[in-house]
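Produce the complete structure using the sequences and hints provided.
Chains as they are written, first to last, in the numbering used here: chain A, 55 to 493; chain B, 13 to 487.
Treat each hint with caution, since some may be false.
With a straight-line cut-off of 25 Å between C-alpha atoms, the simulated DSS-like cross-links for lysine-lysine are [said to hold, decoys possible]:
| id | chain 1 | residue 1 | chain 2 | residue 2 |
| --- | --- | --- | --- | --- |
| 1 | B | Lys-207 | A | Lys-269 |
| 2 | A | Lys-254 | A | Lys-269 |
| 3 | B | Lys-466 | B | Lys-116 |
| 4 | B | Lys-312 | B | Lys-380 |
| 5 | A | Lys-419 | A | Lys-76 |
| 6 | B | Lys-443 | B | Lys-207 |
| 7 | A | Lys-266 | B | Lys-312 |
| 8 | B | Lys-50 | B | Lys-297 |
| 9 | B | Lys-47 | B | Lys-443 |
| 10 | B | Lys-463 | B | Lys-116 |
| 11 | A | Lys-344 | B | Lys-312 |
| 12 | A | Lys-128 | A | Lys-388 |
| 13 | B | Lys-116 | A | Lys-266 |
| 14 | B | Lys-312 | A | Lys-269 |
| 15 | B | Lys-443 | B | Lys-50 |
| 16 | B | Lys-297 | B | Lys-380 |
| 17 | B | Lys-82 | B | Lys-297 |
| 18 | A | Lys-344 | B | Lys-116 |
Hint data in this document are derived by calculation from the structure and do not stem from the laboratory. None of these values were measured; they are calculated from a predicted model.
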Amino acid sequence: MSAHHHEAVSVEEQFEFTSESKRQLAIGFGIGVVLVLIGAYLLANGGGGHEAAHGAAAHGAEHAHGAAGHHEYKWTTRLWANLWTNSIYFTGISVIGMFFICYNYLAQAGWSVVFKRIPEAMPAFLPVTGLLMLLTFFVAGHDMFHWTQEGITDPKSANYDAIIAGKSAFLNTPFYIIRLVIYFTLWYGLWRVLRSFSLKEDLEGGTEYYEKSIKFGVAFLVVFAITSSTAAWDFVMSIDTHWFSTMFGWYTLASWHVAGLAVMTLTVVTLKERGYLQAVNESHLHDLGKFCFAFTVFWTYVWFAQFLLIYYANLPEEAIYYRERFSGYGGIFKGPFFINIILNFFVPFLVLMTRDAKRTTRVLKVACWSIIVGHYFDFWNNVMPGTVGEHAGFGPVEFGFILMFATAFIWSVSTQLTKANLIPRNHPMLEESLHHDIA
Amino acid sequence: MHITSPVRTPLVTGGKTYADVTEDICRHVEGKPTKEWKVAFTISLLVLLYGAACVAWTWWEGLGVWGLNKTVGWAWDITNFVWWVGIGHAGTLISAVLLLFRQKWRTSINRAAEAMTIFAVLCAASFIVMHMGRPWLAYWALPLPNTFGSLWVNFNSPLVWDVFAISTYFSVSCLFWFVGLVPDLATIRDRAKNKVSKYIYGALSLGWNGSAKAWARYEYISLILAGLSTPLVLSVHTIVSMDFATSVIPGWHTTIFPPYFVAGAIFSGFAMVQTLMLVTRVVYKLEDYITLEHIESMNKIITLTGSIVGVAYLTEFFIAWYSGVEYETYAFVNRATGPYWWAYWAMMTCNVISPQLFWSRSIRRSVKWTFFISIIVNIGMWFERFVIIVTSLHRDYIPSSWAMFSPTMFDIGDYIFSFGFFFTCFFLFSKYLPVINMAEVKAIVKSSSEKLPKKVSGVAKGERVSAPTFNKDAQ
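Structural data, given as structure tokens:
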């Protein structure tokens, strides 16, 4: 019973964001910028993509209604589509930090308190992704969102599309921007409230901030119950403007959630390996592993239910979504389609199956990386067909943007972690968490 | 060493010792049936007899005695089936999912909830068999090697998946329930005063000896069964939802159905647990074990799942409009404003609005309100299935095929049958088996009591223990 090591552990820990780490992150970010520039240069000169796909475009007759079919393709769209994909992915990871804290408050969970500062640090990145999304929408909205096209709701226009016109009460630029701003304001604003309670609790103690946090946490959950779905429609589903699926909101939430859990777990493991969070024991890791495992299965459940029902009923207006990703655009999305399922289901499911696996940091890292990379593919595969179609691919641009976002996100989380004691020392459930032992 | 934070509310009140727990719960199994019990049992038996007569006539005469017509080919039968299956979700959710989440408050409600699950699943199965019309051919639903030529079940049909999902779920739920009963059955065996009960409870307790090894195995198998039941409990209503969602009927074919049905099932299941536990708690004087904290926690889950269902209703409605598919849009507008508007608004009021009352702390801690809303929720969840099934069917693609459904006395009588069956089973359970898991409640006495007695083991009361008649020769 290796878990029974209950010697007194110190709860006083200060995270140090070393200049060495800063230097490495800055270099990583710089490499990302360089890669994007190289990639952009190649794209502007007609290279760097999967141009072979052009030859097979004839096979993609099914996607005649795809966005790419309606207007001239610009090479810059691929840059913006990458910015968009990464922004929604990292928005999700950040906001899941808040989601995790809030449902832990609501459920009166005690075990998770010791590493609470990690999910608490994640939402600080939201303004960055929010502003980038606004920028992307303003600059490149017309190239990415079919419904923003000029005259699309005008029966006299050549661009007129009756189905999209029918959606214009929801899909119109002013309302879209209002919604986008509301999401980020509410998510980030409520996080600021909870964060300030948490920091004050550290200094003042007592249960007052705990009680308040429950109230505001529940308020966030109510907000998120609605906005997580509508945001998924706005950010992702509206790209394939004709297409619809009632599951899509919860499917995106499931994807965000498990990716956020994997980032949290990976952060806890990494900090522990660097000598921080010594109060985190194998039982905490085991439970984090269970969360990753369980919500891997949940994502797969939602993914599969959506796929199966559309496949089974085979209604053309629904099945087109998978057709495009399976055989459309010369079949370039077929690989990522399967990579998505392998990395997001088979790898974490098999790797995290046993008890000991969830208690072994190296195994946890394998599973978490698989989930994190896998869900990037999930979003990539949902964004790219409708935005760049056969021009999609994996080149310097993709890797560059990932690197830039990842380093910036790590920077943001690290900065937040320095702002408070690494363990919430006055949380009323802390003693439970320090003695967490599930053998 | 486990630590319980002082901000946690107690789950056992009245300063109970281990001996008190045994005594308070065994009392009802060991005593003579009370007058109230006899009256209630007789009533449910009479209801069962009436219902059984209706079912017998349904089988004898054929399904023509129901109000079905060529447009509405499924109505109360499948509504009742889905309703009961849904109710049957809470037991496993409480025992399995809450065990995995280490929720201590599950210990005093899991036993009765699991029993309820088993009876509810049986009720649900009865409607499947009923609507087959020829129940003696029910085994045709199983992929058995047969001599009828190439006759084989259609594996592509979600109705066949249902057969597998529900029978597996039923088996695992029974197993889970029985394994949890073993230590308690052994306690009753050891206290038994006559040979018959000693024999019966002795046989059922499988030679349980309370050794450390037996407990270790008990905990181990509980975890394994919990791990197995969790995906199972999700799969059952997922597949029930696919009975509808794999079709192309507007209002049925929608991708959110699987998780939305599961949430709705948990919602109705918890409401039924509340209804039953609130009565049991008063009749058996178990207020120290099923406290207001338990009731409040269950109400929170009812609010959560009710809100999830509410989000799903709104999503469906929104996407029906957003899709621009005329049939879809019509199906939903017709639900809310067509001839079945009353069913739709009954569903909305009962399922989405009424659980929001629980945002008020005083309402969710009020026994009367809780009881009232638990009934309301169950009514609402019946209407939800009725709305989905009947309103989607009654407007066929050709207006000349449009029809309404009106139930006959056999639709109603066959539904009454399931109530008679359910309550007969539940009353038998509450008399002959311990309604609360004594062993597991004892496991939380130390950590979660309001005030601990000086000696937590307590002293066994009564002559059962001081002068056992039969359990001496066991040594």
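These are the hints, each one checked on the structure:
As the CA atoms of Lys-207 of chain B and Lys-269 of chain A are separated by approximately 57 Å, the hinted pair breaks the 25 Å bound. For a cut-off of 25 Å, the pair hint linking Lys-254 of chain A to Lys-269 of chain A stands: about 16 Å separates their Cα positions. Proximity of Lys-466 of chain B to Lys-116 of chain B is assessed by CA-CA distance (about 22 Å); at most 25 Å being required, the pair is judged to hold. Straight-line distance between C-alpha atoms of Lys-312 of chain B and Lys-380 of chain B comes to about 16 Å, which keeps the hinted pair within the 25 Å bound.
About 22 Å separates the Cα atoms of Lys-419 of chain A and Lys-76 of chain A, which keeps this hinted pair within 25 Å; it holds. For a cut-off of 25 Å, the pair hint linking Lys-443 of chain B to Lys-207 of chain B stands: about 18 Å separates their Cα positions. The hinted pair formed by Lys-266 of chain A and Lys-312 of chain B meets the criterion: a straight-line CA distance of about 18 Å does not exceed 25 Å. Taken as a hint, the Lys-50 of chain B and Lys-297 of chain B pair is honoured in the structure, with Cα atoms around 17 Å apart against an allowance of 25 Å.
For the proposed pair Lys-47 of chain B and Lys-443 of chain B, the alpha carbon gap of about 12 Å is at most 25 Å, so the pair holds. The hinted pair formed by Lys-463 of chain B and Lys-116 of chain B meets the criterion: a straight-line CA distance of about 17 Å does not exceed 25 Å. At roughly 24 Å between alpha-carbon atoms, Lys-344 of chain A and Lys-312 of chain B fall within 25 Å of each other, so this suggested pair holds. For the given pair, Lys-128 of chain A sits about 24 Å from Lys-388 of chain A by alpha-carbon distance, which is consistent with the 25 Å threshold.
Distance hint between Lys-116 of chain B and Lys-266 of chain A is fulfilled; the C-alpha atoms sit about 24 Å from each other, no more than 25 Å. Proposed proximity of Lys-312 of chain B and Lys-269 of chain A is supported: the alpha carbons are some 14 Å apart, at most 25 Å. Taking the CA atoms of Lys-443 of chain B and Lys-50 of chain B, the gap is about 10 Å. The hint holds against a cut of 25 Å. For the given pair, Lys-297 of chain B sits about 16 Å from Lys-380 of chain B by alpha-carbon distance, which is consistent with the 25 Å threshold.
Simply put, Lys-82 of chain B and Lys-297 of chain B have alpha-carbon atoms about 52 Å apart, too far for the 25 Å limit, and the pair is violated. Pair hint Lys-344 of chain A plus Lys-116 of chain B holds up; C-alpha atoms about 19 Å apart against a cutoff of 25 Å.
In this structure, the earlier hints numbered 1 and 17 are contradicted, and the remaining ones agree with it.
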